[in-house]
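Listed below, chain by chain, are the residues.
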Amino acid sequence: MSPTLTANYRLIDIDALDADAQFPPELLNPPCPPVGISEIQGLAGQCRQLLQRGDQEGALKVALENVPYGGDEAGKDLHLQTILEILSSIRSSEMANTLSRLSSLPNGTELLDVLTKYIYKGMKDASSGAGSGGKMSVLLSWHEKVVDIAGEGSIVRCMTDRRTV
Amino acid sequence: MTTPEINLLFHQPISDHAFNADRSLLAVTRENNVELFTRSGKGFTLKDELKGHDKTVTSVDISPVTGRIVTCSQDRNALVWEPTSDGAWKPTLVLLRLNRAATFVRWSPDASKFAVGSGARAIAICYFEEENDWWVSKHIKKPLRSTVLSVAWHPNSVLLAAGSTDAHARVFSSFIKGVDNKPAPTAWGERIPFNTVCGEFINNSGGWVHAVDFSPSGDTLAFAAHDSSVTLVYPSAPEQPPRAVITVTTPMLPFVTLAWLNENELVAGGHDCQPVVFQGDVSGWKMAYSVDDPSKKGEVGEGERSALNMFKQMDLKGKDAAADDSTLRTVHQNTIVTIRPYEGQPGNITKFSSTGVDGRIVIFPKIPRRA
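So the sequences go chain by chain: G and L.
Per the UniProt record's numbering, residue 1 is the first one in the first sequence, and the count goes up by one each step.
Per the UniProt record's numbering, residue 1 is the first one in the second sequence, and the count goes up by one each step.
Where hints are given, some of them may not hold.
Said to hold, decoys possible - Think about it this way: if two alpha-carbon atoms lie no more than 25 Å apart in a straight line, the pair counts; the simulated DSS-like pairs of lysine-lysine are:
1. Lys-145(G) / Lys-286(L)
2. Lys-296(L) / Lys-145(G)
3. Lys-76(G) / Lys-61(G)
4. Lys-138(L) / Lys-182(L)
5. Lys-366(L) / Lys-286(L)
6. Lys-61(G) / Lys-296(L)
7. Lys-141(L) / Lys-90(L)
8. Lys-142(L) / Lys-90(L)
9. Lys-312(L) / Lys-351(L)
Bear in mind the hints are in silico, worked out from the structure with no lab data behind them.
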């Protein structure tokens, strides 16, 4: 048999031959301004100060409002660590109250959507490595509380959104 | 009447439905065919079957002006069905010249054209050429980058909105010389040759655009995307950025269909199996209420339960079926795929009809259902 007959023709990407079929990623996702690592470090410092003053909610708000969409992988990971630190510093009895106060802000839905993204990213990190059980259980209880308030819509948005954290 | 009229037509998904002008005839898609039902009392009786496609029929529309039915299918063709004197329907094949499935079809309000969305990154605008006695199609291609999931006509029958899986909702001109009269200028555009892009919109999270619709006046565009949001676009003037683009994000699952009730209200339905009304104006929109709120209901879908069924369940499982979670507390038991206006004038719709994956057709009054 000739190779063309054995080839699985269903797997041939015919769009690759069509000049009009280009689908550049920036079409869906207007490029975000690049964020330097120093900026993210500054933000982490600011959040840590707020945490030391006992203002966990303020720290969470600052961290969720300044998302480094345009940062590189290292910067994004650093911001994830900042957010995870804040999340684990909030007691479980305070989670629901903190979230409902955040969601009542004018940009509340946006903030909770961002939080959902970080919870999933955190889960990805926590799913491997030693001592991940504790982290995972914190994230799971946050996840439950966020979905209670922001609904399944926030999960769907986390999946559709091309602005990754 | 404040209760919805619920009819289970068959146990198969319905991808689209359409009523004729006086609501006496209902066309629904069923696999490769379209079934025609007539009203009989509270129910619907199967009257005729339109067999002509050889793959799944994706969309159907009946023109309120001419009574002609147009269908499109995954077999890449569209058929126009005309009633004959002996009560049968005569199909005419329309060559769409598409190389992928046709996904969505709608007649223009004046019935002179219809638009077919497709997976071939194109919209086919079809019109009748008298001299050849033949439906001709012309393609809108640029700048579509992906499958077109829905189209909607502006009341002037020239502007066309399209929602696509490339996350954009667009407004095009479908002006065809010799078929259309020159339309009055609108906020969308003044001089508009065929395929002019009069607007291109995306929302923040950029999900697939499932549904688009123009408001009754045509001055506002609404679109529902896969990020569980509904976005409203108020244009200002041709070639200018719009006056307002308002995105309402919701805690629900994504909406896949929407219909305007009046200039300040629209209803959307989707994966949450319940129609939801949105209200607002240029200064802001919000999700107002669910027409079929499951949390406000004690009993599981009436008509689904009978005494016999209850005892059967108790016998089989040792408990009442109501304690079972297999029945949703909403009227629709699966995703709502199509919502269309049913009663009232454009700009003041009082009832709307919905069909979905559960094979039901439901006629809802726009007021919320009480517990």
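Hint-by-hint comparison with the structure:
A hinted pair counts as satisfied when its Cα atoms are at most 25 Å apart, and Lys-145(G) with Lys-286(L) qualifies at roughly 23 Å. Restraint check for Lys-296(L) and Lys-145(G): the C-alpha separation of about 22 Å stays at or below 25 Å, so the hint holds. About 17 Å separates the Cα atoms of Lys-76(G) and Lys-61(G), which keeps this hinted pair within 25 Å; it holds. For a cut-off of 25 Å, the pair hint linking Lys-138(L) to Lys-182(L) stands: about 18 Å separates their Cα positions.
Annotation: proposed proximity of Lys-366(L) to Lys-286(L) holds, straight-line Cα distance about 16 Å (limit 25 Å). A hinted pair counts as satisfied when its Cα atoms are at most 25 Å apart, and Lys-61(G) with Lys-296(L) does not qualify at roughly 34 Å. Of the pairs offered as hints, the one joining Lys-141(L) and Lys-90(L) is violated, with about 31 Å between alpha carbons and a cut-off of 25 Å exceeded. Between Lys-142(L) and Lys-90(L) the CA atoms are separated by roughly 34 Å; this puts the pair beyond 25 Å, and the hint is violated.
Distance restraint check for Lys-312(L) and Lys-351(L): the Cα-Cα separation of roughly 36 Å exceeds the 25 Å cut-off, and the hinted pair is therefore not satisfied.
Consistency with the previously given hints fails for numbers 6, 7, 8 and 9, ordered from lowest to highest.
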